[in-house]
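With the sequences and hints as input, model every part of the structure.
Start counting the sequence shown at 1; every next residue gets the next number (this note's numbering).
Just so you know, the hints here were simulated from the structure itself, not pulled from any lab data.
Any given hint could turn out to be false.
What the hints assert, rightly or not - Here are the in silico distance ranges between beta carbons for each label pair:
#1 194 x 143: 28 to 36 angstroms
#2 206 x 59: 17 to 25 angstroms
#3 18 x 193: 31 to 39 angstroms
#4 73 x 201: 28 to 36 angstroms
#5 12 x 209: 22 to 30 angstroms
#6 11 x 80: 16 to 24 angstroms
#7 181 x 59: 37 to 45 angstroms
Stated by the list, open to error - No more than 27 angstroms apart at the CA atoms, straight line, and that leaves these computed lysine-lysine pairs for DSS-like:
#8 163 x 19
#9 193 x 163
#10 133 x 193
Everything numeric in this text was worked out from a predicted model, so none of it was measured.
Quick reminder that beta carbons are idealized off the backbone N, C-alpha and C, glycines included.
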Amino acid sequence: MSLSESTRTEIRNCLSILKVIAGVVLLAAISWEIIAGDHMHFSRNYLIIQLVVCILFLCDFFVRWAASERKGRFFARNFLVLLISIPYLNIIDWSGAELPRYWATLIGIMPLMRAFLAFYIVVQWLVDNKVRKLFFAYIFTVVVFTYISALVFYDYEILVNSKLHGFGNALWWAWMNVTTVGAEIFPVTTIGKIFCVMLPSLGMMFFPIFTTYVLQEYSHKKESDQ
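Dropping the structure here:
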């Protein structure tokens, strides 16, 4: 039996709320794990939290897939979402394989990408105008990505970089790089260097988006004055 459009909307809204909550919980959990952890292994508590969140993400995918009118098109368009919703760390842990923290962190942040997509729902709820939605989505992207970059940088660099003395330094480094100012803390790991390139690139994208937003706001104000 096919579902009505109102039923599909209710399902999407309920799942969206759950995804936002799950995303916040996962971000808080990995923040605590990286800042207060031993930088060698992920704790059992974090693995449990990630498993529960990933199960919720997977349930969201399959429920929306089942409710979709064009299931083949939905699966094709959201296949990447499915891949980043899988709890790879838990699967590796169950298999008994020993994974270096270097790779475990990269795999562990994949569900965070799924959580980031869930956070974008908040922007859609709060902003109606397309240009404003683009602007606030970009601001949201910069804030979240900069924070995640600081976490990853801190996790990879804290044991090998003598100039890094705490997460506060890592957060300051991330914000200085995203504003293209730069910082006196230079990365020594490959992952740190990659994020050192990505952050200024993201920051430089701000200027055309900000210009478009200002012009759009100015044109609307001018039309209203006339």
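Verification of the supplied hints:
1. 194 x 143: 28 to 36 angstroms: Violated, at about 20 angstroms.
2. 206 x 59: 17 to 25 angstroms: Because 36 angstroms falls outside the window, the suggested range is violated.
3. 18 x 193: 31 to 39 angstroms: 37 angstroms, holds
4. 73 x 201: 28 to 36 angstroms: With a Cβ separation near 32 angstroms, residue 73 and residue 201 satisfy 28 to 36 angstroms, so the hint holds.
5. 12 x 209: 22 to 30 angstroms: At 27 angstroms between Cβs, range holds.
6. 11 x 80: 16 to 24 angstroms: 22 angstroms, holds
7. 181 x 59: 37 to 45 angstroms: Holds, since residue 181 and residue 59 (Cβ atoms, about 43 angstroms apart) stay within the stated range.
8. 163 x 19: 37 angstroms, violated
9. 193 x 163: Holds - the C-alpha atoms of residue 163 and residue 193 are around 15 angstroms apart, at most 27 angstroms.
10. 133 x 193: The given pair, whose Cα atoms are some 31 angstroms apart, is violated under the 27 angstroms limit.
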